[in-house]
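K.L.:
Listed in order, the protein sequences are those of chains U and L. Note that the first sequence covers residues 1 to 715 in the working numbering. Note that the second sequence covers residues 1 to 715 in the working numbering.
These are calculated hints, taken from the structure and not from any lab test. Every residue gets a Cβ at the ideal spot worked out from N, C-alpha and C, and that includes glycine. Keep in mind that the hints are not guaranteed to be accurate.
List of simulated lysine-lysine pairs, BS3-like, C-alpha gap at most 25 Å [said to hold, decoys possible]:
| hint | chain 1 | residue 1 | chain 2 | residue 2 |
| --- | --- | --- | --- | --- |
| 1 | U | K199 | L | K388 |
| 2 | L | K566 | L | K619 |
| 3 | U | K353 | U | K342 |
| 4 | L | K199 | U | K388 |
| 5 | U | K199 | L | K43 |
| 6 | L | K160 | U | K350 |
| 7 | U | K320 | L | K160 |
| 8 | U | K530 | U | K704 |
| 9 | U | K320 | L | K162 |
| 10 | U | K530 | U | K710 |
Listed next, the stretches of chain L that the computed footprint assigns to chain U, with coverage defined by at least 3 CB atoms under 8 Å from CB atoms of chain U [claimed, not checked]:
| hint | region |
| --- | --- |
| 11 | 118-129 |
| 12 | 381-387 |
Reference listing, derived: stretches of chain L covered by chain U, where coverage requires no fewer than 3 residues with Cβ under 8 Å from a Cβ of chain U [as the list claims (entries may be wrong)]:
| hint | region |
| --- | --- |
| 13 | 102-113 |
| 14 | 148-162 |
| 15 | 269-283 |
| 16 | 314-328 |
Residues per chain, in single letters:
Protein chains: 2
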Amino acid sequence: MNRIVFSVLFCLPVLLLKMGFAQTSVKEPANGVYKISEGVIEKYTPECFREEKADINALKQLSKGNIPFNISDINVSVDSRGCKIAIPLGEGEQLYGFGLQVGSFNQNGLRKMPIVNDYPLNNLGYTHAPLPFYVSNKGYAILVNTSRYTTFYCGSNQPKRKQNIDTDIPAETKLSVEELYQTKVSGRNNVLVDIKGAKGIEIYVFSGPDMLTAIQRYNLFAGGGALPAMWGLGIKYRVKADFKQTDILNAVDYFREKHIPVNVIGLEPHWQTAAYPCSFVWDKAFFPNPKEMVSQLNAKGLQVNLWEHAFVSNQSPLYKPLYDRSGDYMAFHGLVPDFVDKPTRDIFAKHHKDSLLSVGVSGFKMDECDNSDLSRGDARWSFPEMTKFPSGIDGEQMHQLFGLLYQKTIYNLFKEGNQRTYLDVRSSNAFASPYPVALYSDTYDHKQYIEMISNAGFSGLLWSPEVRESNSFKELVMRSQTAVLSAQALFNSWYLQYPPWLQFDKGKNNRGELLEDKEANEQVIRTLFKFRMSLIPYLYNAFYQYQSKGIPPFRALIVDYPEDEKVFNLSDEYMIGESLLAAPFSGNAETRKVYLPKGVWYNFNTNEKLIGGKEYTLKFEYDKLPLFVKAETILPMARPVDFISNDTQFDLTCYVYGSGKTKSYLFEDDGTTFDYLNGKMNIVELRAENGKIMVTRNGKFKSKRFNVIKTIFIK
Amino acid sequence: MNRIVFSVLFCLPVLLLKMGFAQTSVKEPANGVYKISEGVIEKYTPECFREEKADINALKQLSKGNIPFNISDINVSVDSRGCKIAIPLGEGEQLYGFGLQVGSFNQNGLRKMPIVNDYPLNNLGYTHAPLPFYVSNKGYAILVNTSRYTTFYCGSNQPKRKQNIDTDIPAETKLSVEELYQTKVSGRNNVLVDIKGAKGIEIYVFSGPDMLTAIQRYNLFAGGGALPAMWGLGIKYRVKADFKQTDILNAVDYFREKHIPVNVIGLEPHWQTAAYPCSFVWDKAFFPNPKEMVSQLNAKGLQVNLWEHAFVSNQSPLYKPLYDRSGDYMAFHGLVPDFVDKPTRDIFAKHHKDSLLSVGVSGFKMDECDNSDLSRGDARWSFPEMTKFPSGIDGEQMHQLFGLLYQKTIYNLFKEGNQRTYLDVRSSNAFASPYPVALYSDTYDHKQYIEMISNAGFSGLLWSPEVRESNSFKELVMRSQTAVLSAQALFNSWYLQYPPWLQFDKGKNNRGELLEDKEANEQVIRTLFKFRMSLIPYLYNAFYQYQSKGIPPFRALIVDYPEDEKVFNLSDEYMIGESLLAAPFSGNAETRKVYLPKGVWYNFNTNEKLIGGKEYTLKFEYDKLPLFVKAETILPMARPVDFISNDTQFDLTCYVYGSGKTKSYLFEDDGTTFDYLNGKMNIVELRAENGKIMVTRNGKFKSKRFNVIKTIFIK
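So here's chain U without its partners, still in its complex pose (with noise of 0.2 Å):
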């Protein structure tokens, strides 16, 4: 890969500021990204198991902002507990991030830990991708770089100061709760952070200018957003856990018979001979012949994803492999690899490409990675805090990591291929942006789930909402909305004998009680399915977009609109790409509010043009979905297919929003392997002028995927 080597950085200027007790030092590792070191830094941070090297090229292309304070104003210290650090926070500011948060969006005068756990539990800041690292609208992102348990104080409590009793703060009694509440806590000056057991630590601050740019740093800084393979942004449907062979492909049979388009078939636990733990070894009653079935698979243009999750059972030839080569305790009787050593990854690798890879799976789904016991009391779902592993790093550090180091082992098998992939993980942290892989949840919520794909956004994070049952077909409807609207298009149906659009209610599901109306459910998700399937060559640029120059794919308002009040607590509304505004439906909600920040917007449905810098009201159809147009746009809608494979040609019909005179872009390559790194790619050029589309291709990709075969101008 084309990029200058990392270490060349820590030639740049060194400042040497003084802070808290002890010399710290500042250095500026690439264009507009500072890096703070203090005292005895960690041997296992999130960066030390980087994917990537930091895309020095494209972070030089960043216009470099001022952040809204000086860098020798962040306070470090160390002490016996652990490591302090202040950071200056502006009256006024709003904060994101805190990686996957689940329950709440803007984190201004919030408490956070973001520790590893697949159940939020209040507001304590628990999630499945617990980044300790927070962007501001203000235009920077802050990087606390360790793997220790940390907590945010974001701006509510503050250090004693001597107080002028007269003017000071009011002397007032408070009688209920809620005037408690709205107690106005004044002069917050800092976000407080608290490394319980470091004795030193790194910081990294993302420049701006602007909130946009600070996240694209970041993303850039961990080597550029993901680029999924282009089949991984069709539909994605795991079936369930007890399906056989034959069952799979009678699903998928169905599919193809009704013109569903589904792209990825995943497979639950039932394909091992041994869950929980894992045994890694296809079950030979249920799947006779695997190769056989993935090669009829992908004949009918399907990818094959595997469940598993990392803890090895006694069952497994890894087992003995990996005995010393894992922690002191067990997670549900099986070994816990010790990921952080690559001698390690490199034999539950091996293992994974001899025996599963080389049977043509092009994909796996590796779960309970987030030491899901804190939340259930029974402690036996993960392995102790105190687990130590033979690489010296402890089980609370493992746990924080423990999903990124996963999807080093599995991602780096593809990546050593040449394959693309599209994988699915129940935690990730900091320098995951390069990993294509989307997290998913048990959790059910599906405002939480909105409110999560523009929490992802902030955080170099891949959210799948994905669909599972429902209470009615009006809400599988909204959640299957959810899902086409986002980075992946998931239904899992792990414990569901039929699709959920022709049995909402698991038990119904299950004993075969259809609904009535399943043909015409079957119409209403086909069509939702295809205007997936339309969307891909805007999304697949999208992601481009993010891999070249870290732009989000799916991302808040806040983000594009930082100075908007109006957005600044508005997480069920985001941006995909560049000009598409997405505000999904939940509940029971017969309509929404949607409010459509300054400029000038189409209803994607009805052509409207509309005025923004207000709310409007949108009415809920099942076949339509909530999408909103920025003006002077050219978005290429394909032709859909039922499914996306090498050779794909996608016959766009181009709609040109405005005043009829813009560009847009396309990125086009091969869509599988990692050649477009290489120069193997074009950006497909389209201009819209005096009525019609102008196509110019750059780049040394030779072939042609994408064919524009009708423009429409809309004014």
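Once you've looked at the hints, dock chain L against the given chain U.
P.N.:
This is chain L only, laid out in the frame that chain U set:
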């Protein structure tokens, strides 16, 4: 006080055993109490702040039991992360404790983090009283004497060990969450303890021979149980936060006029000029003459209790003297006094003495000492864990100890004045048994409130399941029944204009929309309150058993019946004193199942004789308490009075259950001073024989508080 000085204990023979990697010391500081020390012991443990010396004489009276493992098999190791302990755990052992757990009872197989918090987060173990303490039904208890956040893995997690693939763990693939949950984890053999940041530890092992004795031993080692002022066993009623002096006097007139017994009036924040944080100064606009008001209340037989928290407002006269004696972060704009430091406690206490006790106040409600921000996400409600205090303690340890230290500060004040009291607090910890302080909570699940009565008894804690609003009068009555069957009968109307029995709905209550049946309701409540007043002689003796022998006055059935599998998970029934079994109703139940352990029992209301070892069905009745009496009991029930004062004499009807030949005891003293510790007390023996009760007094207390006026024999 006639107790042997604690320090002589260390002259007892010392065993030195090799454990972990370092020299471990094992001592027996009191009969059947073993102390393991390893590494560098923390400066601030719960024991550092013990309120009383160990009651060595009482401990000597306890028979010394075997512990079902060798103490030398407790493995302690210290490494760079902290301290780890492995304590043997036998197959089938049942574990209880960890302080005032909310939402769990039998802790077997669970992971528990007893961390101070006002809100339980699923099953993390967060609680108002986070004791690092558990007790086994096999007759021993373990205290890890630390104020650091500590995690206990109660038998589910296992160290790695070589497995015999053929026989050890059968391979299978689980296809549902249910199957996974049902997986039996075999070979449980340790409770694992993880104390991050500790460089050493003290562990106490309290031997049996049985579960009750182990608990007694812990309580006596802590200095014996609490003996509240006798008036504290009456009803406590907290008035609405905005009540002025006249409102309070009016409310009291209502109670007296209606003969609804109330013994203590609690004032909420507005007695002060500022809260939050607190000024600790009377608000003269609301209370023009506090001394006069307290005198008037005293004259009507009422004690006065004041709400406060310990965070000091800049409006307080305590602000200046405590400025340099407080932590470097504030809580809700207030100073956090360093209660570790005795001079700081003394300054705080002296203000209370001079301004509040001098006026006649006889108790306090110590609020907000439980780091309540943890659950809210909003960090304003307490100080950060990284706070530093002048004594050197950090915020984490201070959080765990704050309630304990707050109790010490306030209780000492009363003790020094030879004045007994009964206080309220929202957090506690180990060695708190001697404090006459009841815990309370803002959580309000009635079933959990009942369970917390059972849980409190394991760990030397008193719990008051307070009554606030309700969804129905029936629910209110159920909650009231639980309250009068608890350690403190508390009605907390801090946001209710009228008593909840006049209107259980908060909104309607405050709008003055009272229930139509209000006189009938008053009659029900009067009956329940009068029952409480009748029970006081029995209760007072139960508390004396707690004080002198460490027997919890309220305790789960498992404590008395540790081998009865039917009570392993039974948390909604409990023992009161020696012979009463309570089985409160909750929810909307018309009937409930009551399990009676082996032996002979009597229904308290019908006198029906019941054979134990099985379940009975009990019907809910508004004005009847769900109580059962053990055979061979003399239950002394007093003619109810409207309030207890220093010279109250109790006219007793003795109910003799069973053969008619048995003995019971009462404890007689002035009820309000510590003179009983110097012998000014009587043990009153009630001996039933030949259809009569013989009363014998033993002791130096000159007055007679109990007169048997009637005896009823029940066969």
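K.L.:
Tell me the hint numbers this structure goes against, listed in increasing order.
P.N.:
Violated hints: none; all satisfied.
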